[in-house]
Each structure stands twice: as structure tokens, then as C-alpha cells.
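Novice: Start from chain A and add chain B with the ligands according to the hints.
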Amino acid sequence: MGYTPEMLELIKRVEKSRPERIERAKKGEHFTPLTLAGREEVLGKFHPDYKKEGRRAVKVGPSKGESYPDEFVDLLESKSRLLVDDAALQDLVAYETDVLVIGGGGAGTSAALLAAEHGAKVVLATKLRHGDANTVMAEGGIQGATQEVDSPYFHYLDVIGGGHFTNTPELVEALTHDAPLVIEWLERLGMMFDKNADGRLRVRHGGGTSRKRMHSAGDMTGSEIMRVLRDEARNRQDMITILEFSAAVEILKDTQGRCAGALFYNMETEEYFAIRAKATVVATGGYGRLHVQGFATTNHYGATADGLVIGYRAGVPLAFMHSTQYHPTGVAFPEQNIGLLITEKVRGLGANLLNINGEQFVFEREPRDVESACIIQECLDRNKGIITPTGRIGVWLDSPMIEVLEGPGAVKQELPAKYIQFMRYDIDISKVPMLVYPTLHYQNGGLQINNLTETGVPGLFGAGEASGGVHGENRLMGNSLLDITVFGRRAGRSAAEYVKGLENQSSTLTMDHVRQFHAELQAAGVETNRVSPLVLPNYTREETMEKQLTTHYQGGMR
Amino acid sequence: MSEGQKEFKIATGDRAILPEGTRLVPIYIMGKRYMVPETLTIQKATEYAGYQFIRACGCRGGICGACGTVYRILGDYHLHFGLACQTVVQENMYLTQVPFFPANRAVYNIEETSATAESIMKLYPEVMKCVACNTCTKACPMDIEVMEYVNAAMRGDLAKVARLSFDCIQCGLCSSRCPAQIQHFHLAQMCRRLYARYKVPQAEHLQNRVGEINEHKYDTLLLDLVGSDHDTLRKLYVDREMEPQDSVGWEPQDKTKL
Ligand SMILES: Cc1cc2nc3c(=O)[nH]c(=O)nc-3n(C[C@H](O)[C@H](O)[C@H](O)COP(=O)(O)OP(=O)(O)OC[C@H]3O[C@@H](n4cnc5c(N)ncnc54)[C@H](O)[C@@H]3O)c2cc1C
Ligand code: SF4
Ligand code: SF4
Ligand code: FES
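In order, the protein sequence lines correspond to chains A and B. Mapping to the working numbering: the first sequence position 121 is 121, numbers consecutive. Mapping to the working numbering: the second sequence position 252 is 1252, numbers consecutive.
Mixed in with the good hints there might be a few duds.
Said to hold, decoys possible - Within a straight-line C-alpha distance of at most 30 Å, the following computed BS3-like cross-link-like pairs (lysine-lysine) qualify: (1) A:K27 with A:K45; (2) A:K45 with B:K1009; (3) A:K51 with A:K64; (4) B:K1129 with A:K195; (5) A:K51 with A:K27; (6) A:K212 with B:K1009; (7) B:K1138 with A:K412; (8) B:K1032 with A:K195; (9) B:K1122 with B:K1199; (10) A:K431 with A:K51; (11) A:K412 with A:K212; (12) A:K16 with A:K26; (13) A:K121 with B:K1122; (14) A:K412 with B:K1122; (15) B:K1235 with B:K1129; (16) B:K1009 with A:K12; (17) B:K1257 with A:K195; (18) A:K195 with A:K345; (19) A:K547 with B:K1032; (20) A:K195 with B:K1009; (21) A:K212 with B:K1257; (22) B:K1235 with A:K547; (23) B:K1122 with A:K212; (24) A:K195 with B:K1199; (25) A:K52 with B:K1257; (26) A:K27 with A:K212; (27) B:K1235 with B:K1217; (28) A:K51 with B:K1009; (29) A:K345 with B:K1235; (30) A:K16 with A:K51; (31) A:K212 with B:K1129; (32) A:K384 with B:K1122; (33) A:K12 with A:K26; (34) A:K212 with B:K1217; (35) A:K412 with A:K195; (36) A:K431 with A:K345.
Please keep in mind that the hints were generated in silico from the structure rather than gathered at the bench. In this text, all values refer to a predicted model and were calculated from it rather than measured experimentally.
Isolated chain B, as found in the complex:
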């Protein structure tokens, strides 16, 4: 890592260049042994081993939930959970990816479903069978209090389900482990939507604006802009009034275009 780095080959795309002396460690992908660099994630180590993903790879950044993975370390009975794109390999890791887990999903019409415990009981009655083992929480790679939101759902506390489950990426690992066979992530999704739709006040200013648009209030203003030449637009752009960063209750001087 000196200053004379001219001839150094630079890694491109998503393929790393490994420095000399990189330590390789054995991992077992579905029981088969491969030697891979110890610094890579499970996802990149699997590619290093020669696989090309079709399933189990999406965003490569920890947000899509495509790459749920279960693993043990040789000789240790503990079962671990993680996202393949976020978890670094360890020596003697035994792993398999769970890119899909069957989970029943109730079809509902949001216009006709109330934000109540009754809706939950009707569509996901199995939620009452939770035995409070907390396995779901331990399986969650997003550190969500899964059992807590299941409990809140039982009580019909949609606000709490929504808040606790907000980070859910729908990887399905929780539902793969639940002895009560609950499909947590579908349940949580429905609760979040019902909560946002019926428990949170809808934005009044938004309704007003939609009304104005539907009454064609802005049509001519916009058409004038569409028809304006470059110089006119540039002038309007440069002269437009800027709302300050830290404004509260700011009002523009020119209200004719609002």
C-alpha cells in the first residue's frame, strides 16, 4: 500500500481482487466443501465458489429479503440465521439459502376490511396459536421483535404491529421456524396497510390539492411552461422563490402560481 501504486490492478464491478496471502477458509454450501476467502459475504463467497445465482439474490444490499440463509458451524448445535448479502463467512460454516418459503397469504379487499382484531382473526386465525417461544424473533435478520408484533396483532393493536414490523423485508425466515405455523410477514403487511389507511388521519391538504388538480386549476399554468422557450424558463427558474431550509410557517411573496 505504498504511493507507487501505478501498476496496481483495480477491482471492477462486483468481483474482488484478492491480495496475495488472503486466507482461505472452508465453508460447506449445502454440504459441499469449498475454500473461499475469509473476508467475503456468503453471497460473494458462493459466487467465488463458482455458482451463478438465479434465486436468493436481489438487491445485494440487505433490503429485498431474497437471500435468507440458515447455517451452523461444524460441531456446534446452534442454528444461525442471516442475510447472505450481509453476513461474512466463517470457517466451517454449514449453510443453505432459503430463497422461498411457502406461506399462506389471505386475499383481502382493503376497501372492505376494517382495522380491527376481528379482521385479523378472520383472515389469520392461526395467530391465536402462538406459544410465545420467541423463535421467530431469534430468526429475524432485521432484529425485529417479531413475537411482540404477533402478540400485538392478537390484541388488535395495529399501531404497535405497524411500528414494530416496519423494517420487515419479508424474507420469511420467521415463518420457516414457527411451531404455530404463523405467516408473520403477510399478517404484518396487512396490519401496516390497515393501520395507515384507517388509523392514521388522511392528509387534508392532499385532498384539497387533488381536488384542485381534478378541477384543472394548474392546466394552463403548466401548458404555459411547456410552451415556454429556453430563456424564459431559465429566467423563471433562476428567479423562483426558495423556501428556507429551517422554515416554519413560511409563505412565498408571489402567490399567483400556487
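Chain A with its partners taken away, still in its complex shape:
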């Protein structure tokens, strides 16, 4: 393994230009940052969020007229996977519960725990294994104003400034107010935070923070949160039933227009079944696996926007879905690690970005979106990217510079997880550069909610990456793990309270809203065979798909 001979040949150009670059770095000189006008120009031409191509206005639904990536609009402008008439729907009911939680990541599991704590019986249904989610992948940390020199006030300012002042204020208030409360909750549940001997929580800065408030558990913060929450949910099996490999494919309503549960697909037996619930929480996470404009992603296998699609059909508007976070440095080689995140820290420690000729083309500490756009420009417009044996394109991130600037051993010490990850494939990043390209990282927007996580459809709540507004157009690192625990908990509590207040509970299930949506599609002239939600991405080769000739049951076989 390791780099191919051709790539090693190209790396010689990087090595050749390195001494001079190091000299300059030592003198504190760097590549000239772009002017504001320069930034705008490159963003407009190359950043997927800004350039016109690849986006279009959605023709139907509560956010009609808003412009989103084509891949996402395709899913919104699709038909239901299954439309059942009302009489038959009652027969599909397999579970009845107080609160249904859709999605088994950090937001969903927090919601389940709090709903149970407030006396509700819960069914948590999730598409993959409980915990197979973006939450386990988060390495960096979780924010919260827990230190004496900090307060929710400063956290608020950082969040809203970071979001270019576009964030929904009441959501930012909830986020920063509850932050210390959830850190304390996690501590009490037995999460292994990084601490000093006296118990003081260790904190660091993150991009855009005015006080140090990033809490961590090694470089596995999300994984540790997920493990602890999942373990606690399993301890509450008296109140919480977990259904795995069950994908929600439609929201169900009752004849009074309230959310009354959801329709599910058993991914293994291919049966459909319904869960009738008095309240429902959508916590299905993000949409990285839509691979907007072909981008690789840091997201897990199930990040396909299902909850957004079914929530939208049920009448919930979307907030901030025009905005997506691309991380400038995702792995472009080796193929095994495609799309995985390489932390900002590498550039922070002084590593340059270089084209095929070993030349610098961008200042390393531009804002994330500008940095991404410049890399895309260098590769696709100027044709100065490096092409890999598996058809990827990328630029060099010169990590060996760190060994010179920070001293021998610095790479291994400062970036232990990355070092090991590459060493698995015989690439020693303290000696050779990494190949990187922007990667689809985070869905800034989602279902519109208020600070109680209500969506506007009675009985339907939303939390976590599937909801939008709290981060505005830009999320700061460490605020998403916070978002999912704060709003996950609020959703669980709100749903349980809502259930308590319900009168005349039983009423007929219906999919009328889906029928109306179909009619709207037709009226808008959208002719399509597409069905959604996507449920899973399809990575089957085209050659194979061409021969998968049966799509319906024929005889005894599918």
C-alpha cells in the first residue's frame, strides 16, 4: 500500500519547495489572504452553496420557492414509497406508544431518556444499529460555559456571531442556557470527560470561541456520549423499547391533523408496519450521503435526509437548508478513508496546501467555505490537482512541515488518531503529505422548530441535525454535540408533556396529507417516478445494476 510510484514522484516537487516555504513560515510570512472581494468572487464561482448551478427552487410544499441542492430537491419532489388507504392503515399498526422517537443517534436517545423520565412509554425506532449515527463520529468536543471566566452570555455571542447573525435567537438562548445543564447530566450519567485530578473539566478553544469551553473525552467525544446514552437507554428497558433496522418512511396523522405516529419499513423482512404514537420526535440526523454535487462525505451510512423528507410532506417548513458545511480538508487518498475528516489543527500547526507542482495557492487560515472554494478552483478550474488511482482529485496538505516547525515527533504527538489512521495504509504523515479535498460535513439547516422543539404540526417534534435554525448559516465546532443533547432532551420533555395534556386521544390514522402532497406535485407539473425517502445510499456499480433486472416479485423471487 502507501502512495503509488507516480504519486511519490509528484511528492518530490513538494519536498523541493518545502525548505523555502519553511523559511518563510519561520519569518512569519504566509500566502497573501484574499480580500473580501476576492473571497466573494471565488465563493460565487466555486462553492456549492453559492454558485447557481446544481441548485433549484422546490416547486411544492411549505417551503415552496426556496432554493436547495438538486439532490435534495429531487427527494422533496418525489412520491411516497407507500400510500396506504385509511382502512388498511389501521391493520398495519404493530406498536402503540406514548412517544415515538425516530432515529437512534445522540438527539434521539436523549429524547427517549427524557420522555421516559417524564413518565412516557417510548418506542425508539432507528434505521441501522442503535448508535450507528453521526454522533459516534464526532471527535473534537462539546461546548458549554462551565468555567468561572465564561458564561452563557459569551457563549450566546460566539454562537450568533459565528452564524453571521442569522441564527434563530430563541434557539441560541435555549442552547447556551442549557449547555452547563447537559454537561452536568452527562457527567452524572458517567461520561468520562477529560478532567484534572481535582475533577475540574478540561477545556480548550475552538474556532470562533471567546472563552475556552470545548469539553472532550479523548478524541472520541461523540463516541463516548453515544455509548453512555445508549447504555442508559438499555437500562431503561422498562420504559424504552428499541427497534433497530426499522426505517421511518412516512409520518402518519389522525383525522384531526395531529401527528399520530409513523409508517416504517422493516429493512430485513421488507414488511411495512405502523407505530401509533401520541407524540413523535424526528431525530434522523443529516444528509451527507446525498453526496451533493458528487462530494465525498464525513457522514455515516444512514445520513440520507429521511426525516426532513417525511416531515416536509407532513407540512413542516425547512429552515436554513440552503446552507451546508463543507469541510475543506477531507481525505482524498487512500480510497479506504475517502471523505473522512482531517482536523483544522493540521493547518493550524502550519501545514501548507499545495498543488500538483508543489506550489502554494491559498492562505491556510481562510474561513472554511473560502478555503474549500479555493481548493475546488485549483483542482477543477486550473487543473492543478493531483489525480489518484481511484479517480479522486485532491491537493497536498504538507504535514511533514509540522515536524520542522514544531520539532521532531510533533505530528505523532499532536495528531495521534490521524497518524494511526494513515499508518494503517503505510502512509507516514510525518514524512509525506496527505492528499485532501473538500468533503460534505454538516447540514446547517433542517426542520423548523421553536425552543420547545415543536414543529407546528401538533404532536410532531424535531431535534438535532435534522432541525435547523440554532446555528444559522454556520455552525461552530462543538455546538452540534451540544445541540443534540440540549434539544434532544427538550424534545423528550416536550413530547411527554404534550402527551399528558392530550384529550380525546383515539382517532383514525390517515395518510391524507401524503395524498394532498401528491396532488400538489401533479398540480406543479412535477412528473416523476422517484420515490423517497432514500433510506440507504446506493453504491452498487452501474454494471451490476444493469443486470439487476427484477425489481418486482416474479414467481417466488424478487
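Specialist: The following block gives chain B with the ligands in isolation, referenced to the frame of chain A:
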């Protein structure tokens, strides 16, 4: 790989484009032979072969534990273990994935369970049956000293269990192999939680802050921000005091908002 790369088709999403001349090697997925590119991981090679995963695929990045895999190489008796998303295929690999392994899990109430050897003995008595064969350690794709943490658990040394098992992704491969039928990863999870809850001092400053929040100390400060217009917020944002990177014992000048 020349500079005239204009017409080169760029790979998108998670589907690789294979260059001409890529070597294909035979692998056996549950005994069935497929020719796959030699550079792919087991996970991607399985997709290349035409499978669509439902189980055995989660993060695709080595951290969720969904894709534990056991394999042999044709003609060699050694049994190997790995994560399908992290292990590159080899010629004549015989593999199957173990996306689920039944493991008994003890239900406990963390509020009422002490961080002691007694709790472990009561909830996971089988831990005493370890025969020190070290098979669990050899099976672990995360290179965890599994047997060592089992031994520490026997002695009630929760700190050591917590430290040694911290990287566990709960793939279950260790428990699939243990002759003493121990369910290592559930045991370790409980130990880590009990350790963090009862053996590590809880953060005093956090308790204080929670008290302040519950006494509504920040409610009006936050409400003022919620009600502020764009220009006011921008000014407050730009003027906010920044804690230095390498500060020790730093204090802000303005303490009115703390
Ligand atoms: C590599 C990486 C690093 C990150 N680092 C950080 C960090 O350091 N700090 C930080 O704050 N944030 C970080 N983030 C962001 C953060 O981890 C996520 O935004 C957050 O965990 C999302 O949590 P969630 O519960 O909303 O969604 P998820 O954790 O993604 O959970 C969604 C769940 O819903 C399930 N689901 C999906 N569709 C359906 C359906 N149709 N039916 C049933 N279930 C369904 C999924 O299978 C999954 O279990 C990172 C993200 C990634 C990918
Ligand atoms: S300790 Fe066991 S469950 Fe945990 S990672 Fe290792 S083999 Fe998997
Ligand atoms: S495999 Fe089981 S018996 Fe063998 S060392 Fe590990 S815990 Fe002990
Ligand atoms: S898919 Fe998550 S560890 Fe392999």
C-alpha cells in the same frame, strides 16, 4: 497523471473509478467467489461485488463497531479479525461479517450500583471464569488489551478497566471468541460509567454553574441578547474580550456578564 487532465472523469461519492489495468483478486464472501480490485477495503469490495449493506455498515470510518469481520486466507489455518471498513482485501481471503453477536447485558441502575468488585461479581459473575487464554485481545480490531481489563475487573480495579477499555467500539468480536463466555464490552461499559461517576471527583465549578442557572442568574442577560438588534449584537460580538490561547489563570476585565 499528466497535466492535461481535463477529460478525466472524477470519482464521486463513495464509488471509486478504477484505472485501467487495476488488478482484480479473488475473495470469497461467505464462501462465494468474487473478483474485486485489490486496493479496496472489504466493505467497498463487497459493494463492488454487488451487495447492498443493511447490516454490517455504519460509520464507514472505523468507530461505530458495526462491521466486525472474521477471515482466513485460503490454505492457512490462522483466523484473522478486522473491521470491514478499515481492512484492505487480500487475494484468496475467505470472510464473513459478524454484525451482531448475542451477548447478555446486565441491567443496572447507576444511582444504586457501587463502583466496587462486588457490583461486578453480582452482575457479571462469569468474569471469574477467565482462563487467561488472551484470545479476546487477539480478536480486538482496536488493539485493546482486553484480557488485561478483564483481569482488572476481577480485582475491582475500575480505573484500570476504564483506561484500558476506553477505545472500545463494542463490535463484539472479543465476546464471540471467549471460551469463558464473558461479554467483555458490556462489562467494560458499566465499569467506565461507574468509574467516571464515583471514582473521579465531580466538577465543583460545574455544580456552581448549574446552581446559578437554576437560580435564573442568566435569564435577563440572555433575554436582552435575544431582543437586541443586529447592530448591537455585532458590536458586542466584535468587542468581546478574548481569552488567550495559552492562558493560565486569566481573568476578563469586564466581570459583569459572568
Ligand atoms: C466526522 C464528524 C465529526 C464531527 N465532529 C463534531 C465535533 O467535534 N463536535 C460537534 O459538536 N459536532 C461534531 N460533528 C457533528 C455531530 O456529530 C452531529 O451533527 C450530531 O452528532 C448529529 O446527531 P443527531 O442525533 O442529530 O444525528 P445522528 O447522530 O446522525 O443520528 C441520526 C439517527 O437517525 C437514524 N435515521 C436516519 N434515517 C432514519 C429513518 N428513516 N428512520 C429511522 N431512523 C433513521 C440514523 O440511522 C441515526 O441513527 C461531527 C460530525 C461528523 C460526521
Ligand atoms: S474490546 Fe471487544 S468489543 Fe471492544 S473493540 Fe475490542 S473486540 Fe470489539
Ligand atoms: S478470551 Fe475469555 S477466557 Fe480468554 S483471556 Fe479473554 S476473557 Fe479470558
Ligand atoms: S462501519 Fe463503523 S466501524 Fe466499520
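Novice: It remains to establish, for every hint, whether it holds in the given structure.
Specialist: The hints, checked one at a time:
| no. | hint | verdict |
| --- | --- | --- |
| 1 | A:K27 with A:K45 | 33 Å, violated |
| 2 | A:K45 with B:K1009 | 21 Å, holds |
| 3 | A:K51 with A:K64 | 20 Å, holds |
| 4 | B:K1129 with A:K195 | 34 Å, violated |
| 5 | A:K51 with A:K27 | 37 Å, violated |
| 6 | A:K212 with B:K1009 | 45 Å, violated |
| 7 | B:K1138 with A:K412 | 25 Å, holds |
| 8 | B:K1032 with A:K195 | 50 Å, violated |
| 9 | B:K1122 with B:K1199 | 19 Å, holds |
| 10 | A:K431 with A:K51 | 37 Å, violated |
| 11 | A:K412 with A:K212 | 24 Å, holds |
| 12 | A:K16 with A:K26 | 17 Å, holds |
| 13 | A:K121 with B:K1122 | 29 Å, holds |
| 14 | A:K412 with B:K1122 | 42 Å, violated |
| 15 | B:K1235 with B:K1129 | 66 Å, violated |
| 16 | B:K1009 with A:K12 | 25 Å, holds |
| 17 | B:K1257 with A:K195 | 26 Å, holds |
| 18 | A:K195 with A:K345 | 22 Å, holds |
| 19 | A:K547 with B:K1032 | 19 Å, holds |
| 20 | A:K195 with B:K1009 | 49 Å, violated |
| 21 | A:K212 with B:K1257 | 16 Å, holds |
| 22 | B:K1235 with A:K547 | 62 Å, violated |
| 23 | B:K1122 with A:K212 | 42 Å, violated |
| 24 | A:K195 with B:K1199 | 12 Å, holds |
| 25 | A:K52 with B:K1257 | 43 Å, violated |
| 26 | A:K27 with A:K212 | 29 Å, holds |
| 27 | B:K1235 with B:K1217 | 23 Å, holds |
| 28 | A:K51 with B:K1009 | 21 Å, holds |
| 29 | A:K345 with B:K1235 | 29 Å, holds |
| 30 | A:K16 with A:K51 | 36 Å, violated |
| 31 | A:K212 with B:K1129 | 47 Å, violated |
| 32 | A:K384 with B:K1122 | 64 Å, violated |
| 33 | A:K12 with A:K26 | 22 Å, holds |
| 34 | A:K212 with B:K1217 | 21 Å, holds |
| 35 | A:K412 with A:K195 | 22 Å, holds |
| 36 | A:K431 with A:K345 | 17 Å, holds |
Hint compliance for this structure: hints 1, 4, 5, 6, 8, 10, 14, 15, 20, 22, 23, 25, 30, 31, 32 are not met, and every other hint is.
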